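Visitor: Going line by line, the protein sequences match chains A and B. With the first letter of the first sequence counted as 1, position 330 gets the number 330 in my numbering; the numbers rise by one all the way through. With the first letter of the second sequence counted as 1, position 135 gets the number 135 in my numbering; the numbers rise by one all the way through.
None of these hints come from the bench; they were simulated from the model. Please read these numbers as outputs of a predicted model, since none were measured by experiment. Treat the hints with care, as some may be off.
What the hints assert, rightly or not - In silico EDC-like pairs for lysine to aspartate or glutamate, Cα to Cα no more than 20 Å straight-line: (1) Lys249(A) with Glu61(B); (2) Lys151(B) with Glu194(A); (3) Lys212(A) with Asp336(A); (4) Lys154(A) with Asp193(B); (5) Lys17(A) with Glu77(A); (6) Lys138(B) with Glu194(A); (7) Lys151(B) with Glu194(B); (8) Lys207(A) with Asp188(A); (9) Lys36(A) with Asp100(A); (10) Lys151(B) with Asp257(A); (11) Lys138(A) with Glu245(B); (12) Lys196(A) with Asp153(B); (13) Lys17(B) with Glu308(B); (14) Lys74(A) with Asp188(B); (15) Lys212(B) with Glu201(B).
Protein chains: 2
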Amino acid sequence: MTKSFTLSIDTLGSETKINDVLKGLNQSLLRNINYKFQLYGDEKLIKRNIDKYKRLITSSEIIDCDSYISMNDKPSEILKNKQSSSMYLAIKSVQDGFSDSVLSFGNTGALMTLSLLNLKTMDGIKRPAIASIWPNMKGDSIVLDLGANTKLDKRYLIDNAVLGACLASILFKIEKPSIGLLNVGVEDNKGRDEIKAASDELKNLSKNSMIKYYGYVEGNDISLGRTNVIVTDGFTGNISLKTAEGTAKLFQSHLRDAFNSSLLSKLGFFLSSLAMKSVKDRLDPRVHNCGILMGLKALVVKCHGQSEYRGVSYASDIIYSLLENNVNEKIQGYVDRIRV
Amino acid sequence: MTKSFTLSIDTLGSETKINDVLKGLNQSLLRNINYKFQLYGDEKLIKRNIDKYKRLITSSEIIDCDSYISMNDKPSEILKNKQSSSMYLAIKSVQDGFSDSVLSFGNTGALMTLSLLNLKTMDGIKRPAIASIWPNMKGDSIVLDLGANTKLDKRYLIDNAVLGACLASILFKIEKPSIGLLNVGVEDNKGRDEIKAASDELKNLSKNSMIKYYGYVEGNDISLGRTNVIVTDGFTGNISLKTAEGTAKLFQSHLRDAFNSSLLSKLGFFLSSLAMKSVKDRLDPRVHNCGILMGLKALVVKCHGQSEYRGVSYASDIIYSLLENNVNEKIQGYVDRIRV
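I would like the entire structure built from these sequences, with the hints used as guidance.
Guide: This is the structure:
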């Protein structure tokens, strides 16, 4: 049996080009043939670009929107003035049951606010979290929260562990993914009180075989791939993610300078450029960086504001896979067992 | 006038080789000819290795130590059992006025505990901080605290701003270094209450021209070099630093794999290996990574546990420069003005 899912795409309010959106969706459609798309945006622009993707045309509905939410729009203004924006309407469609999930490249704060307001959190989850798939030495891991909720609170950390474990379980096809709690050291006495309390509770849940808790992990363990899931609060996670992005850019910039420093190294660079490309693909946020808003009654995904088509098709595939594997039912099951 | 300063070096309890220590100190001595060294460690081993550094022999005193603090020793045990260790004696020498500063490659927690206990904090500074020189696109910046004090507190953040500004002012030769406060966004309403309160106070100090406060910065701004100083609490700073180290390692590892993937890219790698080396030198923690313990009555510096001689000479130069420029008097001046 093949299931059909509908994805609402907010195509406006970012620097992602419409052709990258359409090409990416088309690629994902070739892999997930029962996918349906609702394209929220500039109808004329979409129609001008969709022609070369025959299959996509038959699986898509275009919804013309006369406004969009910009990166600088404040949540308070959005609720008043942007109810006909592409982002608002994409979310509304899910709320009204016409679509299963939302993909956007735009303003993260607005997406979070509108999703929370219109879709609400799942029963038993107090605050949503933003999860991301982070490349590491061994493959990938899930890191969350990356900035949805900056408050440090035991309850939220436990919720994040559950959300992350469900995500990793589906995306990495692991029955019980290992969960690490991000801290400044691995000894029991390290870190803040809320983290120690969360660690104690995760140990208990682990004893009851509800989850597989590894213990504390440190910042460098993310890239080492020490655990399948890394749990932290939205403040620490956001700074950690952005520090990593900055470091990767710094590394690329130094490397470019170094390669340009002599004729021989330029030749070397030319010969190894294909190899370099694979590194770029693997670590470039435009290709693989998307934030998955977890804990809402429907799945909402935010991709990099300058996504390339590969990033779009990657995100679209992930959403399909999560929907196909009933991610939210799975989470609800976990939450119900844990909160008994 | 050339001043003379004495540096106590704890040569034991890490994977840094004695020859790297001696070669590094010797290089620093050639640049800072009035430097004196007290070498705490295994006298026989030091004597066997110091022979080729004639100048270093005449400027050094070797203090034989019958024990050392290992990476796993707990602070409580150290105070009871390790009073004749190389680290303890190196710090004691500063406390007793026989030396000006301490350099160690060993157990950071032990170094912090012993320094705090024996050297005490400066008047007006409640808790020390660990600062580091972080490479960025434009040069270097100072980031602190990297893990001395994981509590989030307005007072500590202000202290860190002062400590960081003094350090940057001397090391980068800037009269008033720009200070950024690490946060999850740059808007006024972002982040935790303590950070908002610290930001308000830093704005006031900036209005009185005491400091040059830039405002909030995000994780990626560290590598971009947005400000000369980046202020944060020890929890966030530690995770940010370790995430960056992990990301750099991941990048290097992917690059190595990519270069090994074909004969052409191997040739490319060979031709560009000199260029690669400069990137490695610039970003490798073994070369330039040292944590400067700030806010104590004397300067204490912790270098990477596997330092190379270049890392040792780099740290040794930094210490000389800070001592020569009366770093602690400068800090005290700032603190006295701010706390009026």
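Visitor: Run every hint past the structure and note whether it holds.
Guide: Against the structure, the hints come out as follows:
no.	hint	in the structure
1	Lys249(A) with Glu61(B)	violated, 45 Å
2	Lys151(B) with Glu194(A)	holds, 12 Å
3	Lys212(A) with Asp336(A)	holds, 17 Å
4	Lys154(A) with Asp193(B)	holds, 18 Å
5	Lys17(A) with Glu77(A)	violated, 26 Å
6	Lys138(B) with Glu194(A)	violated, 38 Å
7	Lys151(B) with Glu194(B)	holds, 10 Å
8	Lys207(A) with Asp188(A)	holds, 17 Å
9	Lys36(A) with Asp100(A)	holds, 10 Å
10	Lys151(B) with Asp257(A)	violated, 39 Å
11	Lys138(A) with Glu245(B)	holds, 17 Å
12	Lys196(A) with Asp153(B)	holds, 19 Å
13	Lys17(B) with Glu308(B)	holds, 8 Å
14	Lys74(A) with Asp188(B)	holds, 12 Å
15	Lys212(B) with Glu201(B)	holds, 12 Å
The structure shown violates the earlier hints numbered 1, 5, 6 and 10.
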